[in-house]
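A.B. asks: Quick mapping for you: the protein sequence lines, in order, are chains R and W. If you count by the working numbering, then the first sequence holds residues 1 to 300, one letter each, in order. If you count by the working numbering, then the second sequence holds residues 1001 to 1231, one letter each, in order.
Be aware that one or more of the hints could be misleading.
With a straight-line Cα cutoff of 27 Å, these simulated BS3-like cross-link-like pairs (lysine-lysine) come out [stated by the list, open to error]: (1) R:118 - W:1104; (2) R:58 - W:1023; (3) R:118 - R:2; (4) W:1104 - R:2; (5) R:118 - W:1092; (6) W:1104 - R:58; (7) W:1002 - W:1065; (8) R:48 - W:1104; (9) W:1104 - W:1002; (10) R:118 - W:1002; (11) R:48 - W:1092; (12) W:1065 - W:1104.
Covered stretches of chain W (chain R as the covering partner; in silico rule of three or more C-beta atoms under 8 Å from a C-beta of chain R) [said to hold, decoys possible]: (13) 1114-1127; (14) 1163-1176; (15) 1181-1189.
In short, the hints are calculated from the structure, not lab data. No residue lacks a Cβ here, since even glycine has one placed at the ideal position from N, Cα and C.
Now for the letters of each chain:
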Amino acid sequence: MKPAVSIIFSTVSSGAGLGLLALVALCDTFVLVAAGLASSVLHLANPKNAWRSFSRFKSSWLSREAVFAAALFPVSGLYIVLVIQSKGGASRILLAVLTCALAWAVLICTAMIYASLKPIRQWHTRWTPVNYVLLGHWSGALLLWAIACAYAARSGPFLFVAGVFGLAALAAKLAYWHAIEDSTQALTLERAIGVREGARGPGPISAAHARLLDVGHSHGTFLTSEFGFRLARRHARGLRGVALALGFGLPLAWLVVGVPRWQPALAAAVCCIMGLLVERWLFFAEAKHTVRLYHGDPRT
Amino acid sequence: MKLGLVIDLDTCVGCHACATACKEWNASSKVNGALSDYEPFGAEPSGVWFNRVRHYEVGDYPENKTINFPVCCMHCADADCVTVCPTGASYKRDDGIVLVDQDKCMGCNLCAWACPYGARELDQVPGTMKKCTLCVDRIYDEMLAPEDRQPACVLACPTHARMFGDFDDPQSEVSRVTAERGGFGLLPELGYAPVSRYLPPRQPQPVIDADDARALLERGLASLASPVIRR
Ligand code: SF4
Ligand code: SF4
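Excised from the complex, chain R in its bound form (with noise of 0.2 Å):
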């Protein structure tokens, strides 16, 4: 899949800030979470029809996730306006349970159109959520630790939950990786134009193998530009380093190294979000669609 700027940056974007608001709410990135789904509309080819998309909440994971985007701003916006004036009681704990669930509907949401996707196995996997669910709370979580080394009396607790969720992010994340690798769930071209090995008589075509002779357009199309992006394993392989090392690894270094000072703890934050914006990227350019079968990739 092509991987587009606008996409990355929106999901990690505000991946961190609602895995931020879910933290905040439970114990504010409103700007985090502004930016990544403005960044969402800059996708669109024909914005002006976007109000349309609240209407097949039903059906549609995206119209869900626009649908709770749309109910998370002015409930949470609420929600900051009672923190910062320190004011409430038991309307800002209803405002905080809502928020928190909404920043978690988003997540899952933005999480299930990538993994609904039947035609992109590196996609439709349950890994899929739970890596989109443990990366936004495990960015938002170094964030929270850098406000509360800045404001809080105690960071302590707050590098603790830190700690724990980059912990599992980090598992969730090779879990994944270590679930595209396996190749039994792969299509192969030979199963996309109906090549069954063996097959005598009517039904599917017999043969073993099949390969591309013509693609049959002279430049590239629609299709060729949308799902042809290629990226050599070895690019894969460092690109997966660095994202370990700057998602992972430094952030991790620095928990570890534990001072509660908001400077060094914004920069850890700050190097985490650039290693999830190259996973991100990797998301994208590692997924086959079943149509590049159709343009004479082997496989999936």
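Given chain R, work out where chain W with the ligands should sit, using these hints.
C.D. replies: Using the frame of chain R, we list chain W with the ligands on its own:
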């Protein structure tokens, strides 16, 4: 009703007549609006097509064969392209045809991601999604002669490799030929229940090498000669 196409991989010669006839008809159709071309006379021409023909080689020499493979929307019974659409622009009609309402689409591309066959293409000019309409503006048009109420691709095919009809009717040509020839749908494992069917190429005759040919010839000559000699 379950309208769809049958594509005969045995007779398709890969001439792209269906694809060009489709482009010609739909470029001036009101259902989707024009099908934009990008740099049509430039060095790198490209554009929106509903039907694309690709060419494969299956099997290994000498048992190999070229297969010409046209692909357009299968009007799936279980079409995820419709389910994922957040605006309701993508919809499935009672007769089985899957369409995009151009006035509602916001161009998010999600339906194109959800289609396993690459049957949907975004038109960059209006920023909306376009796809095969099964020539919904031909097949019900009573101004046309009955034999012309078929998709443009079916009418254009010089080898009759394309047929159109209702798969819900067991007596229709498409149902009968699918049953006779073992027509199959693409990637059934993904669960979209594609309606259109492909007819596999007929089995090739075994290839005879030079030694086999000589033995056959000798046997043939002997059987011809023997009654003469016996007499
Ligand atoms: S072939 Fe693709 S576009 Fe057509 S109905 Fe099936 S999933 Fe939708
Ligand atoms: S591109 Fe248009 S038709 Fe496709 S899912 Fe988005 S809004 Fe629906």
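A.B. asks: Give a verdict on every hint.
C.D. replies: Consistency of the hints with the structure:
1. Straight-line distance between C-alpha atoms of residue 118 of chain R and residue 1104 of chain W comes to about 25 Å, which keeps the hinted pair within the 27 Å bound.
2. Restraint check: the Cα-Cα separation between residue 58 of chain R and residue 1023 of chain W comes to about 35 Å, which exceeds 27 Å; the hinted pair is violated.
3. This hinted pair checks out: residue 118 of chain R and residue 2 of chain R have alpha carbons roughly 17 Å apart, not beyond 27 Å.
4. Taking the CA atoms of residue 1104 of chain W and residue 2 of chain R, the gap is near 25 Å; set against the 27 Å cutoff, the hint holds.
5. Our distance criterion of 27 Å between C-alpha atoms is met by residue 118 of chain R and residue 1092 of chain W, whose separation comes to about 19 Å.
6. For a cut-off of 27 Å, the pair hint linking residue 1104 of chain W to residue 58 of chain R stands: about 17 Å separates their Cα positions.
7. Proposed proximity of residue 1002 of chain W and residue 1065 of chain W is contradicted: the alpha carbons are some 32 Å apart, above 27 Å.
8. Among the hinted pairs, residue 48 of chain R with residue 1104 of chain W is consistent with the structure: their alpha-carbon atoms are about 9 Å apart, no more than 27 Å.
9. Between residue 1104 of chain W and residue 1002 of chain W the alpha-carbon distance is near 25 Å, which keeps this suggested pair within the 27 Å criterion.
10. Between residue 118 of chain R and residue 1002 of chain W the alpha-carbon distance is near 23 Å, which keeps this suggested pair within the 27 Å criterion.
11. For the proposed pair residue 48 of chain R and residue 1092 of chain W, the alpha carbon gap of about 24 Å is at most 27 Å, so the pair holds.
12. Annotation: proposed proximity of residue 1065 of chain W to residue 1104 of chain W is violated, straight-line Cα distance about 44 Å (limit 27 Å).
13. Counting residues of the segment 1114-1127 of chain W whose beta-carbon sits less than 8 Å from any beta-carbon of chain R gives 10, enough to reach three: the coverage restraint holds.
14. Chain R is given as covering the segment 1163-1176 of chain W, and this is violated because 0 residues of the stretch bring a CB closer than 8 Å to a CB of that chain, at least three being needed.
15. Only when three residues or more bring their CB closer than 8 Å to a CB of chain R does the claim for the segment 1181-1189 of chain W stand; here the count is 6, and the claim holds.
Hint violations for this structure: numbers 2, 7, 12 and 14, all remaining hints satisfied.
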